[in-house]
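For the protein sequence lines, the chains are A and B, in the order given.
Quick note: the first sequence uses the working numbering, first residue 6, plus one each step.
Quick note: the second sequence uses the working numbering, first residue 94, plus one each step.
Calculated from the structure, these hints are not laboratory results.
Certain hints may be false.
So the derived list for chain A, only partly shown, Cβ under 7 Å to chain B, looks like this [claimed, not checked]:
no., residue
1, Leu11
2, Gly15
3, Phe24
4, Pro134
Predicted model, so just to flag it, every value in this text is computed and none were measured.
Backbone N, C-alpha and C fix where the C-beta goes; we use that ideal spot for every residue, glycine too.
The lines below spell out each chain.
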Amino acid sequence: MKEKSLFPVGYMFVITAVFSSVLIGLNAFTRGRVEANQRIAFERAVLEVFGLAQGGPSQIHERFVERISPPKKGSYDRTYVLKEGDTTKGIALPFEGQGFWAPIRGILGFQPDGKTITGISFYEQSETPGLGAEILKPYFREQFEGKTVSEMDKPVRLRPAGSSLDSNEVHAITGATQTCTRLERILNDAIKEWRSDSSDKGAAP
Amino acid sequence: MTPQGDSPTTRKIVLDGLWHNNPIFRQILGICSTLAVTNLVLNTVVMCTSLTLVTALSCLTVSLLRHWTPRNIRMMVQTLIIAFYVIIVDLFLKAYWPEMSRNLGPFVGLIITNCIIMGRCEGFAGSNKPIPSLIDGFFNGLGYSFILLGIACSRELLGMGTVLGFSIPWFTEHWDKWVIMVMPPGAFFTLAVMIWICRSIKPKEEKA
């Protein structure tokens with residue numbers, strides 16, 4: 006009687022152990038690849054804002070290592086800098102924040118002046134396909150190229166489609182109001198934080 | 094597989110899964126994923142392939158273990174087996190198709206709770222031989238898939254004017270896109286229409 010009541014427990018234990026060990030093995034086997042995929046997605050996004058994201062994963066990685074200098078450890082500055090020799094050719098500012106469904110993470114690229122936008126790219130988002138996810142489409146992202154974001158009075162604005170645009174404004178996506186409002190806030194928060202950090206650094210002795 | 098006797102059964106299993114006992118419009122199972130992943134055809138194709146594979150393999154495994162599994166813990170064992178295959182699919186997508194894995198987000202993991210798989214494991218595989226169980230799981234998956242693809246095609250076409258990302262000539266120029274088709278409510282309407290159509294076809298087939 007006692008043996009019989011213990012059998013299900015033992016059975017469950019053994020079967021769980023067998024299946025779990027297979028999964029642990031597979032997980033260990035694919036972990037390297039999964040992590041590499043995530044890293045490449047990020048590196049591609051950084052290069053994309055400077056128009057340098059051509060080629061396969063290995064080319065992307067090589068170019069990233071060669072051209073981009075990552076932020077110094079321990080500094081407040083989170084930006085990635087595009088170098089050519091010793092001169093700065095561009096600044097990539099990572100941004101992230103809550104989108105409509107899940108976090109939106111991406112990169113905003115600036116010319117060395119820190120005001121003129123060179124491009125925008127996303128490496129993580131789960132917005133609604135066909136609506137919010139249109140932020141990934143070239144027609145939306147290309148609008149950002151050449152726009153300027155000056156110090157205080159002119160943050161990035163997403164304006165309703167069809168309205169006339171100032172140099173800091175782009176057209177929003179019709180039907181994706183939530184995504185656009187949130188994206189606007191995410192971008193401006195990131196820019197504001199970055200600027201306050203760099204002015205702190207400038208003011209400090 | 095075995096000669097005689099077995100072939101009509103196989104035929105019945107196939108037809109039941111695809112039509113007479115279709116998981117979506119007969120059993121109304123697996124509706125959650127029907128609503129979630131059908132706004133882009135490509136996402137739906139991957140979801141359907143994953144679900145069909147998971148259902149078939151889970152049914153096979155449940156059937157193989159049916160003589161040893163104590164009845165009082167069979168549900169736990171089934172869930173474990175289903176989760177095992179779903180995690181494999183999830184890992185595979187993450188490693189080899191990261192874009193798709195990002196598109197589908199949490200929905201791959203949610204295959205575990207898809208009622209169809211549990212339903213087939215409990216209703217068929219638990220009391221049948223491995224090979225018929227495999228066939229049953231596979232064709233129930235296909236039955237689910239073709240309904241989902243129908244829904245996805247109409248939603249993507251009416252909502253965005255594209256199918257599989259390709260623009261369809263007339264729809265991109267003259268069609269006023271129905272935004273609601275891309276949103277979750279669009280899936281409810283389309284699903285209801287699909288069920289209506291399929292159920293009204295059925296009686297004729299039975300007479301024939």
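Checked hints:
For the restraint placing leucine 11(A) at the interface with chain B, the shortest Cβ-Cβ distance is roughly 11 Å, beyond the 7 Å limit, so the hint is violated. Nearest Cβ of chain B to the Cβ of glycine 15(A): about 10 Å, over the 7 Å cut. The hint is violated. Restraint check, phenylalanine 24(A) versus chain B: the minimum CB separation of about 5 Å is within 7 Å; hint holds. With 7 Å as the threshold, the beta carbon of proline 134(A) comes within range of chain B, its nearest partner Cβ sitting at about 5 Å, so the hint holds.
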